[in-house]
Amino acid sequence: MRGPPPPEPVRLLSLEEEARVFLRLRATLIWETARTMLTGSRLRLSLVVLLSGLFWGALYGLFVEAFAFLDALHANVISLLFNAFFSSLMVMLVFSTGILLYGGMYRSPEARLLLTLPVRAETIYAHKFREAMWFASWGFILLGSPMLVAYGVVREAAWPYFALVLPFMLAFVMIPAALGGIACLVLVGWLPRLRLHAVSIAVGLACIAALWLGWSLLTQSRADAMSAAWFERAFARLAITEQKVLPSWWLSSGLLEAGRTDRNGQLSVSGSVEALKFLALLIANAMVLQLAAGWLARRAYRRGFSHLTGEVPARRRRRANWLDRLLTGGERAAGPLRLLLVKDLRLFRRDIAQWSQFLIFFGLLGLYFFNLRSFNYHNAYASMIGFLNLAVVGLILSTFTTRFIYPMISLEGRRFWILGLLPVQRDQIVWSKFLFSFLGGLIPCAGLVLLSDSMLGLPRSLIVLHEYCCLLLCLGLSGIAVGLGAMMPELRESSPSKISSGFGGTLCLVLSSLLIMVVVTVAAIPTHLFLLARTLGPTVVAEDGLLAWAGGIWGTTLSLAVVSTAGLAACLIPLRLGLVAFRRLEV
Amino acid sequence: MIEFDHVTRTYGPKTAVSDLTLAIPRGELFALLGPNGAGKTTSIKMLVGLLHPSRGSVRICGHDVVADPRGAHLHVGYVPDEPCLYDKLTGREFLWFIADMFGMPRHLARGRIDREIECFELGEFADDLAESYSLGMKQRLVFAASLIHDPSVLVLDEPMVGLDPRSVRIVKDLLAARAREGMTVFMSTHTLAMAEEMADRVGIMVRGRLRFLGTVMELREQVALESTSLEQLYLELTSARGEER
Chain A
1 MRGPPPPEPV
11 RLLSLEEEAR
21 VFLRLRATLI
31 WETARTMLTG
41 SRLRLSLVVL
51 LSGLFWGALY
61 GLFVEAFAFL
71 DALHANVISL
81 LFNAFFSSLM
91 VMLVFSTGIL
101 LYGGMYRSPE
111 ARLLLTLPVR
121 AETIYAHKFR
131 EAMWFASWGF
141 ILLGSPMLVA
151 YGVVREAAWP
161 YFALVLPFML
171 AFVMIPAALG
181 GIACLVLVGW
191 LPRLRLHAVS
201 IAVGLACIAA
211 LWLGWSLLTQ
221 SRADAMSAAW
231 FERAFARLAI
241 TEQKVLPSWW
251 LSSGLLEAGR
261 TDRNGQLSVS
271 GSVEALKFLA
281 LLIANAMVLQ
291 LAAGWLARRA
301 YRRGFSHLTG
311 EVPARRRRRA
321 NWLDRLLTGG
331 ERAAGPLRLL
341 LVKDLRLFRR
351 DIAQWSQFLI
361 FFGLLGLYFF
371 NLRSFNYHNA
381 YASMIGFLNL
391 AVVGLILSTF
401 TTRFIYPMIS
411 LEGRRFWILG
421 LLPVQRDQIV
431 WSKFLFSFLG
441 GLIPCAGLVL
451 LSDSMLGLPR
461 SLIVLHEYCC
471 LLLCLGLSGI
481 AVGLGAMMPE
491 LRESSPSKIS
501 SGFGGTLCLV
511 LSSLLIMVVV
521 TVAAIPTHLF
531 LLARTLGPTV
541 VAEDGLLAWA
551 GGIWGTTLSL
561 AVVSTAGLAA
571 CLIPLRLGLV
581 AFRRLEV
Chain B
1 MIEFDHVTRT
11 YGPKTAVSDL
21 TLAIPRGELF
31 ALLGPNGAGK
41 TTSIKMLVGL
51 LHPSRGSVRI
61 CGHDVVADPR
71 GAHLHVGYVP
81 DEPCLYDKLT
91 GREFLWFIAD
101 MFGMPRHLAR
111 GRIDREIECF
121 ELGEFADDLA
131 ESYSLGMKQR
141 LVFAASLIHD
151 PSVLVLDEPM
161 VGLDPRSVRI
171 VKDLLAARAR
181 EGMTVFMSTH
191 TLAMAEEMAD
201 RVGIMVRGRL
211 RFLGTVMELR
221 EQVALESTSL
231 EQLYLELTSA
241 RGEER
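So the sequence lines, in the order shown, correspond to chains A and B. Start counting the first sequence at 1; every next residue gets the next number (the numbering used here). Start counting the second sequence at 1; every next residue gets the next number (the numbering used here).
One chain only, chain B, in its complex shape (with noise of 0.2 Å):
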């Protein structure tokens, strides 16, 4: 459904993504985990098509981003840092905009559009405009949004920010289910936890470079530590003693 293919990104003389070879199969749920500035943000932003890679080449589900932007996208709900919205749009007017613009028929979409209202339990505030949303409201809207298409590949960038506890639940239950339905789900994330929760495999970017590529259970094996939580294993493998290993 993802390949990076021999991927790399440089910004003038600094490389943020050096040589990223990755697959990930169909209803995997992959986390992309790594301290500030080791490339997760660059490697998404390659994969939704709004950076080139400078050298390598970038498929979902076969079609290459760069190449076939329009095919690719298809197949794509992206949730980006950042929610944005237009302000002066209600949330189903949004949500109406989106069904639009991936082709669904008028009657599909009502239908669609209701089902994710309820679901992100967005039907107090669906008819204001989003300029009076909280980040948590956009952030609901705009998971709304990408999933509205069905899509086969979802990637998410630090998903959880701004969500309260409710809305994460309701999230996380919801890319699980997804998943098991066959959605392949690409998230860059800082909550350890989450990752240890709900990954299948993670991976663990330092300085644009792989480091780890596994299950948190080979994580545990490859740095060998009698410690048994994920946030100490990325502390040991992000750490300088880490990366000589």
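Just chain A, same shape as in the assembly (with noise of 0.2 Å):
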């Protein structure tokens, strides 16, 4: 049943006023967000854009002597390389975008703000779909863009491969991003009931297909590691991402067209036709599928958003495992500090964000060193290998520290009143925090090493010199991000990305990432200096000379004294300062 006209001056929009009206939402969100960074976090936005161009130009250079290396050896398996990059890199982006995508369509405030005005489900979708993309895919950018520039490099490609390199790139993005977008929609509109299980069998699925291709490629006859029929076997297996229905084919083989140049090394025509054509074919996809998708929310999104709305949250019993026990002594009474401790812990379990990306990327680095063996290192590259995985664990546990520990003292904020009121000392606050990084820490950190150093093979002295490196690390880090967190909290802010995202959570960062450079290479020098001098042999080295005392026992001694007051002092200077200023913040 119609009802009545609206009252003047309302009206409906039409699809393409709606549209901008989107459009300038975002440009305004762009702008501001710009504007605030600009003047409010200039040493962020400063570190954020040199990492990224270190990132890149590394990126880049790394590129560059891998394809020159293939060039020359194994020409013909390029295709098969970029096959096999975008093929994964399009399932990875299919899950992702679907999985931002239901956090924006389904369980923003932001979607239920939209739901209730006059505004077309698929323009909704279309504004949310776009955020999924661009977060989904700008490491596909950071990462694809020097890959290819590098290709185009070294292959001497003409300007046309330069020129189309961004949007075979972003045209490319779209099909995946789409898909993750009608998948997301099928599910939650139609199948809801089915959501959590096809996501979970889905990335089941997935994962067991990447863990079998990971292990078959690492478990092969370790002899004739990167030699030229090593490539063969490897690439035979990776035959199947060369399917021509896949989008990743077209990219690669679009790519491969526009890159190619005639005898005499110049632009190739038929080539370039060739690309424009792929590339034609990449946007024709993109934009069916985009038809499809808002056809798709049209029918399903507000469907979909009520299902979710009306689902009722399973309600969990939770109960005192048997390590909240051990730590508060059992039945005895516990004192405040342990009770704090077992608080945080809790809080740590239940909250998935936090557990599961500590064991995913700890998880990886786990499965990465423990495959070490395969690559056959000798002593000296062993040892430097050893330094690079200590400082990879460092720094994963940095950005830990930087996200998760940083803001704890500033959420306790909102719930100072609770421990305000408690006969709780306001350093045992802070101590409680410390501790819980430096053992939460010290425990996963130190059977990494203790793995990377064994499957590297690596002496006693030196599986020992690492590990006391790594408990300098926990001990600093954690130091850093604990008194940072005592000296600048945010008692007003709620969310802890926003939290770790400014100036403290920056500088923080910033001083953890030097921690670990200074303790790393400081630590590192003696060793390598000591297996140079052995190399190169006494007639080379003079024994009373510098480099044979750098590396020898007084060298060692030194680099050892540098490294406990760095991390001993990272560790106490801004646990000290901050429990200085806790003690005197008003509440």
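It is possible that part of the hints are untrue.
Selected chain B positions facing chain A (in silico; Cβ < 8 Å) [to be verified]: (1) 73; (2) 97; (3) 102.
No lab work stands behind these hints, which were simulated from the structure alone. Only a predicted model underlies this, so the values are computations on that prediction, with no experimental measurement involved. For glycine and all other residues, C-beta sits at the position ideal for the given N, C-alpha and C.
Relying on the hints, combine the two individually framed chains into one complex.
Right under this line is the structure:
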């Protein structure tokens, strides 16, 4: 039944007008975000730009070397490499866009607002889709662009190749992103009960396939690793990614055609034309999928939102587990420090975002370390890789301390009246966070360093040195995160990501990175000088020379002193400053 | 203006709203009361289209909220219990976004935005980013946004949460004035004094059913108590003894 016309001057917008309103909204949001960053977070912005530039440059250099190596030895495998790379990215983009869209379209307060306005469901979908696609694919652009530019440079491709790289990438990401959006709409709109099972099964299958592929590649004969035969066997297993119906194949074929030159090394017109055909194929498919997704959104979005809003959250009873009982000392009354530790441990256990990221990052690192033996590193390499692995463990720990530990004291802000009314000293709150971070970081990190060193076959003395450095890093990183968190609490903010992305969080990350750099570099120098002196022999290295001294017992002692001082200073100074500031804090 | 026609909504095995039939005419200020979990928020979510009824239909100005959501939303202003704003928009930019969504011409939208900013005393912070607003400031801005297009129906879910006494007075006066001009107001509230002071009719929901519908005076007659406060009448009706009546 149609009702009366709306009161003047209100009217329904056309599809184009709706799109314009949302574009204006997006432009304003981007402008305000950029303005806020330029005025309030210059350090963070500079750091992001600098690190992104460094990352891009390092990847570019790495890919130039890799393509030069492959071009000389295995020129025919580049197509296979592109296909494998783009097809795996395609799968990842489907999942990541689908998950991001689920959060944006069905679980965000913004969606609740938009659904109560007179706007089409497909317009809201398109608005959230653009956001999800950008968040899901910026990594692909950052990772893929140095690779593709490096390929063009090594192949001495003509200008059309470089001009087409970005359009190809953009057209490509639209396809898996739209597929992710369609899967999300269908699962929520029509199969709400199957949603969790379907996603779990798909993710499980993808993980099993990735593990099988990785395992089969790494468990090949190790004797001829990196040889031509090794590459051929490895790539034969990836031939499945060369299906002509896959958009990843269209992308890699189009790029290879665009990079083709004639016999004189000049621009190949036929290659460029072929490349444009592949680009048109990608764009046409992306547009068709967009239309299909819009059609689906019109039919399924509001219905799916209603399904989800009407779902009854599962009630789960939680009880103290063995770890809580162990930490609190069973039936006996535990001290406030222990109780605070147990509280933080419970919150960590029940926050899936925290432990799942912890598990994924450290799990992947463990998998990599577990397979280090496959690469048959020689002694000098093994030592260097051992130190690099130590640095990687430290860097991952520093991202966790910055993202999760630094905001912990700020997050107590809204609950501060609870802690403030309890017989707990403020120092105990700070110490409990420190202990939580230190113990929580030390156990997995020490285990990972031991695994890495064992797989590399390093001598016991080096293992002890790495473990000592790991201990110092855990102390230092925890001290920095907790100390700065207590010095600069943002008690009104409830979002940990916003707290960690502010000035204090950025400073925490910078100081943590510096500490890791100092500890690992200073600890690694005597080891390498020792190995260098041993390799060059007494005929080249004078026994009383600087090289021999630095690589000997005095050099090692000095480096240990520097490393210990840096680690303890990074722990104690911020912690001390944090304790003083937190005692004086007026809430 | 608002019609609930034999509306039932279930959450799995639980019935949140059971066979709700209710019609609220133009210009009426209606207050929906009830204890926690009675079905008030579910009814409001169905009214604004966030939740579809399991059975029955909801219509606003004749537009079925499920079949023609855009047509229905064109007539509605909605103030949710938790205000949702864009952190990186200023209050004024947010009001412009809402005005654009309702297709208002620019010159008219400008006048309406200034009117609402003045009415809700937003001028001091209208050009600051919403991320710096307190809860009360956010709530006032959401009120302004919900009224910018002069809706025929205003839906309010716990509208006074976070507002200071002065803002509460402004909102009460405004609702009374707009209702006199013909706007229908549907609000859920726990503030019994407000319902008593403002509502033309009240509905009391208990466990998904509309236990009472009428004026406060009629409620007194039905419960037949000597007490005169709405609070006592409400407690009587929502108690186990009251349910047996």
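Each hint tested on the structure:
1. 73: Holds - the Cβ of residue 73(B) comes within 8 Å of chain A, reaching about 4 Å at its closest.
2. 97: Where the cut-off is 8 Å and the nearest Cβ of chain A is about 6 Å from residue 97(B), the hint holds.
3. 102: holds (5 Å)
In summary, the structure agrees with every hint in the numbered list given earlier.
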